[in-house]
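Novice: Residue numbers (this note's numbering), protein chains in the order written: chain A, 10 to 277; chain B, 10 to 277; chain C, 5 to 252; chain D, 5 to 252.
There could be a bad hint or two in this list.
Stated by the list, open to error - Straight line, CA to CA, 20 Å or less: simulated PhoX-like cross-link-like pairs of lysine-lysine:
#1 A:Lys145 - B:Lys156
#2 B:Lys235 - B:Lys255
#3 A:Lys216 - C:Lys66
#4 A:Lys235 - A:Lys216
#5 B:Lys216 - A:Lys216
#6 B:Lys28 - B:Lys197
#7 B:Lys216 - D:Lys66
#8 A:Lys145 - A:Lys156
Stated by the list, open to error - Coverage of chain B stretches by chain C, computed from C-beta distances (three or more under 8 Å per stretch; other residues unrestricted):
#9 135-141
#10 201-213
#11 258-268
As the list claims (entries may be wrong) - Derived, one-sided and incomplete: chain A residues facing chain D with beta-carbon distance under 7 Å:
#12 Ser81
#13 Ile132
#14 Arg187
Worth flagging that the hints you see were computed from the coordinates, not collected in a lab.
Fair warning: this is a prediction, and the values are worked out from it, not measured in the lab.
Yeah, the Cβ is synthetic: ideal placement off N, Cα and C, and Gly gets one too.
One letter stands for each residue in the lines below.
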Amino acid sequence: MTDFVTPREMAEMIPSGCKLGLAPDDYAAAPGLVRMLIDRGIRDLHVVCAPIGGMQVDMLIGAGAVATLETSAVSLGEAGGAPCFSRAVRDGSIRLRDATCPAVFAGLTAAEKGVPFMPIRGIIGSDVLEKRDDWKVTSNPFDDAEKIVVVSAIQPDIALFHAPEADRFGNVRLGRRRETMLLAHASKKAFVTVERISEVSLLDDEKMAAGVLPAIYVSAVAQLEKGGWPTGLYAEYPRDGQEIEKYARAARSPEGFQAYVRGLGSAA
Amino acid sequence: MTDFVTPREMAEMIPSGCKLGLAPDDYAAAPGLVRMLIDRGIRDLHVVCAPIGGMQVDMLIGAGAVATLETSAVSLGEAGGAPCFSRAVRDGSIRLRDATCPAVFAGLTAAEKGVPFMPIRGIIGSDVLEKRDDWKVTSNPFDDAEKIVVVSAIQPDIALFHAPEADRFGNVRLGRRRETMLLAHASKKAFVTVERISEVSLLDDEKMAAGVLPAIYVSAVAQLEKGGWPTGLYAEYPRDGQEIEKYARAARSPEGFQAYVRGLGSAA
Amino acid sequence: MSEACTSRELMIYTISRLLKGVRHVAVGQSSPMPAAGAMLLRALNQRDGLEHVQVSILGSVKHNSFTGGAEELFDCAAQGRLDAFFLGGGQIDGRGNVNLVGTGDYPNNPVRWPGSFGSAYLYFLVPRVILFREEHSLRSLVERVDFVSAPGVTDETVYRRGGPHALLTNAALFSFDREAGRFRLESTHPGYGWRDIRGTTGFSYDNEQCEVTTPLPDEATLSLIRGRIREELRECYPQFAGNMPGPG
Amino acid sequence: MSEACTSRELMIYTISRLLKGVRHVAVGQSSPMPAAGAMLLRALNQRDGLEHVQVSILGSVKHNSFTGGAEELFDCAAQGRLDAFFLGGGQIDGRGNVNLVGTGDYPNNPVRWPGSFGSAYLYFLVPRVILFREEHSLRSLVERVDFVSAPGVTDETVYRRGGPHALLTNAALFSFDREAGRFRLESTHPGYGWRDIRGTTGFSYDNEQCEVTTPLPDEATLSLIRGRIREELRECYPQFAGNMPGPG
Chain A
10 MTDFVTPREM AEMIPSGCKL GLAPDDYAAA PGLVRMLIDR GIRDLHVVCA PIGGMQVDML
70 IGAGAVATLE TSAVSLGEAG GAPCFSRAVR DGSIRLRDAT CPAVFAGLTA AEKGVPFMPI
130 RGIIGSDVLE KRDDWKVTSN PFDDAEKIVV VSAIQPDIAL FHAPEADRFG NVRLGRRRET
190 MLLAHASKKA FVTVERISEV SLLDDEKMAA GVLPAIYVSA VAQLEKGGWP TGLYAEYPRD
250 GQEIEKYARA ARSPEGFQAY VRGLGSAA
Chain B
10 MTDFVTPREM AEMIPSGCKL GLAPDDYAAA PGLVRMLIDR GIRDLHVVCA PIGGMQVDML
70 IGAGAVATLE TSAVSLGEAG GAPCFSRAVR DGSIRLRDAT CPAVFAGLTA AEKGVPFMPI
130 RGIIGSDVLE KRDDWKVTSN PFDDAEKIVV VSAIQPDIAL FHAPEADRFG NVRLGRRRET
190 MLLAHASKKA FVTVERISEV SLLDDEKMAA GVLPAIYVSA VAQLEKGGWP TGLYAEYPRD
250 GQEIEKYARA ARSPEGFQAY VRGLGSAA
Chain C
5 MSEACTSREL MIYTISRLLK GVRHVAVGQS SPMPAAGAML LRALNQRDGL EHVQVSILGS
65 VKHNSFTGGA EELFDCAAQG RLDAFFLGGG QIDGRGNVNL VGTGDYPNNP VRWPGSFGSA
125 YLYFLVPRVI LFREEHSLRS LVERVDFVSA PGVTDETVYR RGGPHALLTN AALFSFDREA
185 GRFRLESTHP GYGWRDIRGT TGFSYDNEQC EVTTPLPDEA TLSLIRGRIR EELRECYPQF
245 AGNMPGPG
Chain D
5 MSEACTSREL MIYTISRLLK GVRHVAVGQS SPMPAAGAML LRALNQRDGL EHVQVSILGS
65 VKHNSFTGGA EELFDCAAQG RLDAFFLGGG QIDGRGNVNL VGTGDYPNNP VRWPGSFGSA
125 YLYFLVPRVI LFREEHSLRS LVERVDFVSA PGVTDETVYR RGGPHALLTN AALFSFDREA
185 GRFRLESTHP GYGWRDIRGT TGFSYDNEQC EVTTPLPDEA TLSLIRGRIR EELRECYPQF
245 AGNMPGPG
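Full structure from sequences and hints, please.
Specialist: Next up, the structure:
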């Protein structure tokens, strides 16, 4: 059964040290709840970006909340590089597990399908492979002459993302962003912030059902309007480019980042 | 680009000898078009049931159109066993590749993801495994102590199924029956009969889009009202149980089957 | 007094007892009694204010928790989100092996059944698999199945967290001991004694001389079966529901 | 006469030329010029009654052919349904290796870029990968990349049907010979001569003394870029579109 909680309660339900799966900015990122995680001083996260990170991940890194980062990229999009991420790479304060997008999906698919690994084409010859001890080169069991990569399953403890709506039964509409569906299937629990809560079951409408994450995967829902801001929410609202530019400028220095986060904290 | 054709034209576009992927009865089966395949005397099919077969598959077998049958089961549901299938098994007139449902999905997923194989849990100790030369037992590359099955990719030449609607751009609404989506992704081409054709793009409505198969996978669409009859079409109309009972009784003998098929042919 | 509990109603009730404690149970195609048993547990728990039971019936539009197609059931099982499932079997043997393919030699079996469906997978991954076979006979319960669709036991080199939990027929209820790889007679249904069971079971099992009788549903449970459950069954199993006792 | 063709417009036009013949082209995140080039080919083909070009822009709601999430792009590429894609690269070397990770030693790179995205995969599976890097300098076009996000060439034990097709910068256009594993200078943009290219390219390549000038778009094509293409870009790249010449 899905619990309906406040955003602050949800932030308390995500423990330090967990493996946290996050959706990309402008799709289903949950910077609103991430700010509350920072406020409450979360630490030692193993963040899995599915498959890339943006402002919410940069903020978690800037706040010192991330021990390990598994991602195919971190970027602020048009606002440029991710300043806290670049700084943390330079000073070695996070453990990096660089990936490539489809390998993250393959790892999540392995977890979704309950298998320990997935094969994936490509990658051989990339230094990304050299740096990953959880990926291996094997032979195609049906053709010894072909070398192929296998990646191990990625099972986050908690998937956290923002969505347009949930119903009061715990079903969550994601629309065509099925990478978030995959993330939820692969994770032990899914925590979801939403813009709205529907009294009517989202599964009743056959035309809509295909884009709905069933309640069996959803551990908790919290209503948090504009919970995707300042990044966007797919097909609902675009990113607030000015705010992200403002963040990008501020976060160029650790002090600027702290001031930005404090400013948001008091405004929230 | 998707071609819009008549059902008879579509039947002519499916060649004898091809590997034909079919959806289950009552979901997205296309018995209407299958009857036209029989009328035109199609032969030597390698039928892949995704993952099980019903009346349309039994009819193809009865008509002598099937050389190889890859399936997890063939059944008429409440109307009992599939008579032509049982007869063909006894007299050895089809080559059988018995499977188990998730292994069919794993094989289709391998084709969808463009990998030569997929690992799958379970199966070891089943005689189904013993009879398949395209499945193997290997070790988990991350844990030598674990034996695990790998199945090779299943890529049908053509996926054939029936759906509620297409739009005039070639997008097809499947709803939550994503096994049909998987079948289409895995196949080289998809041929689809539909109840209706929409003038408005089915991708325009974000709430509906998640259940829509994009036109890039759809080679041809033919409008064929009640193309799922006498089996059902998911969330549109139920199976016609009486008609299927009638078929089950008739098909108990080869002569009865021929009479049934002729009767349908003249009525169509 | 209403009409006496039928054999099918007893089996439906027994299934609901076997499911006690599960949070999510799925029911395959062509399985009206397992579907009814799962629906009954859901209704009873709801009536008694107990934990919500998620019932997923393959082929149902209404009783369907999935939005990812048929493969989601298998994924869900692999993720550990499915607690119970049912398997039938043309033949079931004393090691818990199930045969859904046919009698005699493969591939040209003289009697061919539909096929293995998802058995070879779900039997490994769903903790509580209930074997359900109405016909209790030497033909259906055999020493050794002719074809193993899904094996009852597995060695430690293979990942397995699921397997046989119980075997229910129209005459008796067995439990399964996974360590020993053997069935144990738990009770006989009204009208059957342990000697009947011994005489109609083709494999050896423990507690042969069992004197326990399978308990019948009480009056309230019986009306639930004949009312709400019969109605819920109609969507997927109109013929079966039509043949059940009930009002109208 | 309208304002002269800008360097960016020339690159957009050149991209559309490099894509000629493709049926389906996808464009990754943060790639306004590749997106514009793909949109331009679509518009030109439509205008001229040529084959429909499917343009999939990641991050776009409107220019999106997918309904299965971001993984569908990769699946689609693996299925052979994607003909062209773009890769950038902080560094690109003469073997076609691409570095999207950073300069210096991994993992504590003094300069860190976002990361490899899907490059290590798409480079193997998409037939026509166009390398696009605005900055033509010894810093960006190097002898040997510091980190291989995606390799330009691969031995025959690895499945590969895709790879580098061309390299486009703000100064020149190169093709890539997959057998030789080397670039070939095809043309220099107006304002650059072959000596400029040699002086600013850190790797060796064929046809060094190339005298061909990259062709400019005609007036009609230029208005298409400044009109329809600029409008189509606005959804995903409002800042970029705002900085382009055009009416209003």
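Novice: Hint by hint, say whether it matches the structure.
Specialist: Verification of the hints:
1. A:Lys145 - B:Lys156: holds, 17 Å
2. B:Lys235 - B:Lys255: Status holds; Cα separation ~18 Å.
3. A:Lys216 - C:Lys66: Since the Cα atoms of Lys216 of chain A and Lys66 of chain C sit roughly 14 Å apart, the hinted pair holds (cutoff 20 Å).
4. A:Lys235 - A:Lys216: violated, 26 Å
5. B:Lys216 - A:Lys216: holds, 7 Å
6. B:Lys28 - B:Lys197: holds, 10 Å
7. B:Lys216 - D:Lys66: Satisfied, since the Cα-Cα distance of roughly 14 Å is no more than 20 Å.
8. A:Lys145 - A:Lys156: Status holds; Cα separation ~10 Å.
9. 135-141: holds (count 5)
10. 201-213: violated (count 0)
11. 258-268: Coverage by chain C is violated here, the residue count being 0 at a Cβ distance below 8 Å.
12. Ser81: holds, 5 Å
13. Ile132: holds, 5 Å
14. Arg187: Holds, about 3 Å.
In summary, the structure is inconsistent with hints 4, 10 and 11 from the numbered list given earlier, while agreeing with the others.
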